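*Asks:* Sequence:
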Amino acid sequence: MKELTETDLLRKMAAYCASSEHCAQEVRTKLNNSGLTEEATERILSRLQADGFLDEARFCQAFVNDKLRFNQWGRIKIGYELQRRQIPEARIQEALSEIDEETYQEVLQKVLKTKMSSIKAKDDREFVLKLMRFAAGRGFESQEVNQCLKQLFQADDEEPMDPTVD
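Residue 40 in our numbering sits at position 40 of the sequence shown, and the numbers go up by one each step.
Just so you know, the hints here were simulated from the structure itself, not pulled from any lab data. There may be inaccurate statements among the hints.
[What the hints assert, rightly or not] Quick list of simulated restraints, FRET-style, between CB atoms: (1) S34 <-> Q105: 39 to 47 Å; (2) G52 <-> A90: 32 to 40 Å; (3) T7 <-> G52: 17 to 25 Å; (4) A62 <-> D156: 30 to 38 Å; (5) S142 <-> T114: 14 to 22 Å; (6) G35 <-> Q151: 50 to 58 Å; (7) S19 <-> S142: 31 to 39 Å; (8) Q151 <-> Y16: 37 to 45 Å; (9) K110 <-> T5: 45 to 53 Å; (10) M132 <-> E3: 48 to 56 Å; (11) Q86 <-> Q109: 26 to 34 Å; (12) Q105 <-> E38: 44 to 52 Å; (13) T114 <-> N65: 14 to 22 Å.
[As the list claims (entries may be wrong)] For lysine-lysine, the following BS3-like pairs were computed, each having C-alpha atoms within a straight-line distance of at most 30 Å: (14) K67 <-> K150; (15) K150 <-> K110; (16) K113 <-> K30; (17) K67 <-> K130; (18) K77 <-> K120; (19) K130 <-> K115; (20) K113 <-> K130; (21) K77 <-> K115; (22) K67 <-> K120; (23) K122 <-> K110; (24) K110 <-> K67.
None of the values given here were measured: they were computed from a predicted structure. Ideal Cβ placement from N, Cα and C applies to all residues, glycine included.
Full structure from sequences and hints, please.
*Replies:* Take a look at the structure:
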């Protein structure tokens, strides 16, 4: 297999970054796997950032938006995944603060409504605990989940809640 030069790798990484948003850590990993020296890797990363191919603020915004809308994740899980990608905490908080509250509540409500139909529980307490555990696994904050569950149960008061018994 032909060894790629620094110029070839720069071109390849520019195409990679142009196809979708990526963070510096993802590009660094790809470059390190290609056997490039650390100095060459840093030069390529600097060039990609200077040319606008890599922008962590833009990456964070796209990541938060995509994970909320498509994966239906909460702030906690999104924040954790950004930390795993070595994004600075200030940048993570900035991106998370840009989440539209109305959209966030709609996603949480949709997730909980969908899950409610598939939960089997002995009593109401177990039913609520299973919903809370599920929402926590998706990365939603407990106070947000409590508030949403209150709204859902108040809406269901016209029709009494009847969880399926095991």
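*Asks:* Next step is simple, just say for each hint if it's right about the structure.
*Replies:* Here is how each hint holds up against the structure:
Checking the proposed 39 to 47 Å range against S34 and Q105 shows it holds: the Cβ atoms sit about 44 Å from each other. Taken as a hint, the range 32 to 40 Å is violated for the pair G52 and A90, whose Cβ atoms sit roughly 21 Å apart. For the pair T7 and G52, the beta carbons lie near 19 Å from each other, so the given range of 17 to 25 Å is met. The hinted range of 30 to 38 Å is satisfied by A62 and D156, whose Cβ atoms lie roughly 36 Å apart.
For the hinted restraint 14 to 22 Å between S142 and T114, the CB-CB distance of approximately 19 Å keeps it satisfied. Checked against the hint of 50 to 58 Å, the pair G35 and Q151 passes, with Cβ atoms roughly 55 Å apart. With their beta carbons about 38 Å apart, S19 and S142 fall inside the hinted range of 31 to 39 Å. One distance hint, 37 to 45 Å for the beta-carbon pair Q151 and Y16, holds here, with the actual separation near 43 Å.
The hinted range of 45 to 53 Å is satisfied by K110 and T5, whose Cβ atoms lie roughly 49 Å apart. For M132 and E3, the Cβ-Cβ distance of about 54 Å falls inside the hinted range of 48 to 56 Å, so the restraint holds. Checking the proposed 26 to 34 Å range against Q86 and Q109 shows it holds: the Cβ atoms sit about 33 Å from each other. Taking the beta carbon of each, Q105 and E38 are about 45 Å apart, inside 44 to 52 Å as hinted.
Separated by about 21 Å at the C-beta atoms, T114 and N65 satisfy the suggested range of 14 to 22 Å. For the proposed pair K67 and K150, the alpha carbon gap of about 25 Å is at most 30 Å, so the pair holds. Of the pairs offered as hints, the one joining K150 and K110 holds, with about 14 Å between alpha carbons and a cut-off of 30 Å not exceeded. Of the supplied pair hints, the one linking K113 and K30 is violated, its CA atoms being roughly 40 Å apart against a limit of 30 Å.
Restraint check: the Cα-Cα separation between K67 and K130 comes to about 23 Å, which is no more than 30 Å; the hinted pair holds. The hinted pair formed by K77 and K120 meets the criterion: a straight-line CA distance of about 26 Å does not exceed 30 Å. About 9 Å separates the Cα atoms of K130 and K115, which keeps this hinted pair within 30 Å; it holds. The straight-line distance between the Cα atoms of K113 and K130 is roughly 13 Å, inside the 30 Å bound, and the hint therefore holds.
Using a Cα cut-off of 30 Å, the hinted pair K77 and K115 holds, with the two alpha carbons roughly 18 Å apart. Restraint check for K67 and K120: the C-alpha separation of about 28 Å stays at or below 30 Å, so the hint holds. Between the alpha carbons of K122 and K110 the distance comes to roughly 23 Å, so the proposed pair stays at or under 30 Å and holds. At most 30 Å may separate the alpha-carbon atoms for a hinted pair to count; K110 and K67 meet this at roughly 15 Å.
Checked against the numbered hints listed earlier, the structure breaks hints 2 and 16; every other hint is satisfied.
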